[in-house]
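A.B. asks: Chain residues, written in single-letter form:
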Amino acid sequence: MSILIDQNTKLVVQGITGRDGSFHARATKAYGTQVVAGVTPGKGGQSLDGIPIFNTVAEAVEKTGANTSVIYVPPAFAPDAILEAAHAGVVLVVAVTEGIPTMEMIPVVRELARMHVRLIGPNCPGLISPGKAKVGIMPGEIHRPGPVGVVSRSGTLTYEMVHQLTINGIGQSTCIGIGGDPIIGTNFMDVLPLFQADPETKAVVMIGEIGGTAEEEAAQYVKTKMTKPVVAFIAGQTAPPGKRMGHAGAIISGGKGTAAEKMRALGEAGIPVAMIPSEVGPLIRKALGL
Amino acid sequence: MNIHEYQAREIFRAHGIPVPGGEVASTPEEVEAIASRLGGRVVIKAQVHAGGRGKAGGVKLATGPAEAREMASAILGMEIKGLTVLKVLVAPALDIAHEYYLGVAVDRKAGLPLIMASREGGIDIEEVAVTRPQAIVRHHFDPQAGLRAFEARQIAFAIEPDGKQAAQIAAVLQKLCVAFAAVDASLAEINPLIKTLDGEIVALDAKVNLDDNALFRHPELAALRDRSTETPDEEEARQKGLSFIKLDGEIGCVVNGAGLAMATMDLVKHFGGRPANFLDIGGSSDPEKVVTAIKIITHDPKVKAILFNIFGGITRCDDVARGLVEAVKRTQIKLPIVIRLTGTNEAEAREILKGVSGLTPATSMDEAVQKAVALAKSTGGAA
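Protein chains in written order, with my numbering: chain A, 1 to 290; chain B, 291 to 673.
So here's chain B without its partners, still in its complex pose (with noise of 0.2 Å):
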């Protein structure tokens, strides 16, 4: 789950992470009031669940309350990637003498988290990545013996050889790494990090990924998701435990297992047709899953044809057969339905399809998917 840049500079606060102060609002007039109340220049951030921001346009300085107003009312309501800004962070703006890079990421190949920090922080990191890779010093550390302390100097004096900004340093990445584990990140960000003319040591921003795995075990973090991001077929994808994302295709698919339903749009593709969604149904299926799935997709109108593809694990096919007659039966379906069942329980789920109409059959994955593309195309679907 991705958390706002105002949410993780609270986490960040509470673990003793230096951070600028400053508040949210989601109004000029809410703008304007904080940055009487700050004194001095501001910096007005866009809060979207984007990355580059500032080339967008939805990051500005503002030299005082009146112009913080103006600039807010111009980045309140733009679209960055998509995505409709609601809220702005309003903080103080800070002399940067320097920008370094702080970033912790769970490491697949180590399986461990790794620490990535580099002298050369600001929005070009990754292309310090790309063109010079030694320049971002790597470390991976184990989460329940914590980040050391003499490997938080190692790394800081890496990038930093000034002894009194490197201790400040280090103790912010040890206190970034404990922060890291704490709330069961996948991803803990600081760019820039920023060394002030004072020398003081500041993280001027913050990112925080959390691990969707683990939120039941954090509901104060759960509480963070930001609704407005999520479209309504979106939310109860999520709440009924299915893994939706919305395409711009004609051919709605409902398929069990990630791997499968990406497999399922890549044929799609192959054979001409272009998916309307991904959507993973999940394993241990229960029959209400297929009539949210159903619902769902037949709420976007350009969908021509739906297409189911499950193969039977801990999946049962006959749950899906039931949720499919009960989907039938509620919405009144119109558009053709290709349905390709295989694995455990088929025959069962043979027997449930009988004394439905409408379906089209299909034994092979090519068969289903060609079968769908054809009908998407005789229903008027552009392919």
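With the rest of the complex left out, here is chain A (with noise of 0.2 Å):
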């Protein structure tokens, strides 16, 4: 088993004939995604690489059964393309796009959220259950399938944790970034009880970095809820602090949100921190018993 995604997964690319659209949809299917319909509007009835594309995602979906999609639309059309793959009938929207603005996704994301299709990112580089599907931009030759789920606020840094997993013998169930931006569909605190209930998954390595508090949160569910194992790495422990302006980024996180505070409260809930990338190999090795 895997979360979200898996042999199953029919999938429909929004934005097929742009440059990073064209590009991934490529590589998607050569990874060996069902990569069923492509849509950019007033381009129907074209194909790229033999996959069909159409105007809209609704004909999409009626006409290839897709029922999950991606979006690398560019981000002033982007909100617009993530409400037309929910109305469309998936069951899951992955959104790559970068650049997105935050009031703009603070609607979306309520009405994906009331019609029960979960959202992934936006600004994030998807997620891929090894061995069965890819939906995004990660390199899938650094993935092995395996124990081990991974969940990461970041885009690269999540790949350079894979890899250190691989090289050190450890493959992974899912692998998915949620996205660096303030408003996304899909948080820690979402993911975490879908690795507990997933029966391939063993252990889990949660990846977070500076600002918000979403890891916070997250140290308190797996402290409270979670039977499996987790090991976290934190991004930003000598990034300057910034030139704050205001007051209330202050009060809504009550003191929260450094490296420090999130390392602490990630040790507080008996959860291995590494220091450094190259830790979460051997910690997870640890965890797992090997």
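Calculated from the structure, these hints are not laboratory results. Where a beta carbon is used, it is the ideal one built from N, C-alpha and C, also for glycine. Don't take each hint at face value.
Below, computed lysine-lysine pairings styled on DSS-like, alpha-carbon distance capped at 30 Å [what the hints assert, rightly or not]:
{"hint": "1", "chain 1": "A", "residue 1": "K223", "chain 2": "B", "residue 2": "K399"}
{"hint": "2", "chain 1": "A", "residue 1": "K225", "chain 2": "B", "residue 2": "K399"}
{"hint": "3", "chain 1": "B", "residue 1": "K399", "chain 2": "A", "residue 2": "K256"}
{"hint": "4", "chain 1": "B", "residue 1": "K559", "chain 2": "A", "residue 2": "K256"}
Chain B side only, calculated, beta carbon under 7 Å to chain A, not exhaustive [stated by the list, open to error]:
{"hint": "5", "residue": "I413"}
{"hint": "6", "residue": "I415"}
{"hint": "7", "residue": "A504"}
From the two separate chains plus the hints, produce the assembled complex.
C.D. replies: Below you can see the structure in the form of structure tokens.
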């Protein structure tokens, strides 16, 4: 097993004729994902490497049975593309697009939650269940099937961590990049219960970074609800404090949000925290009893 | 993006929030002229992107035009947290009966804007938040529906029992929420919102931070950017789509992705070096970005070695390699370069870099960082 995507995932690629969309549609198909359709308004009837292109997601879903969408549409049009996918009936929308205004994402995230359609991202690398399917921009070849779930706010740092696991002989069940924007569809707190319930996942690597309080909240969840071992890493220990203006951010976070505070909260919840990325492999081996 | 108080006041004014009169000036003579026009006592406030202006001596009260001129000459040109004051706001001094706090910011956890309001506004509001959090009223609102009148009344009465002032505060709150959504703010704050001795509610200060991702649809707000607060390197980096923050160390870092860039800086420190910068070349890379990155890093005379840590995904390693070849050709770099490229199109990248001399390859992040630290030390960098 794995979570969210597998051999039964049927993917529609929104923005398939753009530079990034076409490159990653090909790479995704080459990895073995069932890429059943592409969508670019006005280019319906064309195809890309045998993938049929439609004008609307609704038509793509109707004709191909697509159940998952990935979005490579530019930021000004991406919120609408996400809503289009949700209303067309897919169950999972993965928004890779970077640079969407926060005020645009707030109603979109709420609408998808009301519709019970899961959104990953935006501004995320996507997710992969190694050996089964990938939906997103991560290099597939660094992954191996196995027992470790990976969840991360970062993109490339996730690849680095997966690479560390793979060279330590440890495969992954599913790896998810949840995205770095302030408003995202799926957070650590949403992913951890899925890994807890997945019989194939035996341990979890959680990769956080400075800002917000998602890691602190996840630490509480792990402490009270999770029986599987979790290993964490936090990026930004040496990041300089920004030129902070205004008090509202500090009032919301109540002093939380720094790397030191996050590492302390994780430690207190009994979660081993790697000091450097290459410590993650050994810590997970230990957690798995290898 | 940060904007100045005098610019934020204009946004507030345009949305009907009461703000005191006043004008912005950049010379003591202008300050004197404005003070004469305003008449009476005036406040002179440094316009810099830094908090704690008052405590740093950047806010002064003057009794008349001559004193205003004198104080302006002290404030103009002074440094607050490393930033030079080039402009001041000159505004009529108001008699304060009470100071409240109103703020709106995006709450990541709830996925909604959060209003924070307190009867105990002023410079110690953060301390209030820590020591007596119950003194701050919190309320989320849906930006599509806007803050309803009844919600605004509930918040206003929670911080001011008097009906007349509470009604005014509620009106300010509703307008603040409209402004917050209309300009795509990430923060809008009034500290303090005051009650004058005459019982009027006025926004004495104005702070607005804008969402960078939304500037494309607000060209008039994008034009408010104060270029004097950016170094030429920072400006060039921003225009080329690089995320760059200058630091104090000797190892120039070129990384793709903010998380990996921070982890690379952490690792430089872990292995006994100091990063010279945070630099994220971003996703979808074009070779030109790498050329710009090298140019900016080599402007810093403290840099003794350059470290490339690229994990290809949407960024293709061959694009980065092409940029590096181009940069070497154009800039004749003398510094040692350690390069670690892994992921998408890694083999093509290795082929492109074959003919380039002076590069130290590394396969892992640990190895790359250790080599860069060692090279920086051997070329005279202090760690």
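A.B. asks: Which numbered hints are broken by the structure, listed smallest first?
C.D. replies: 5
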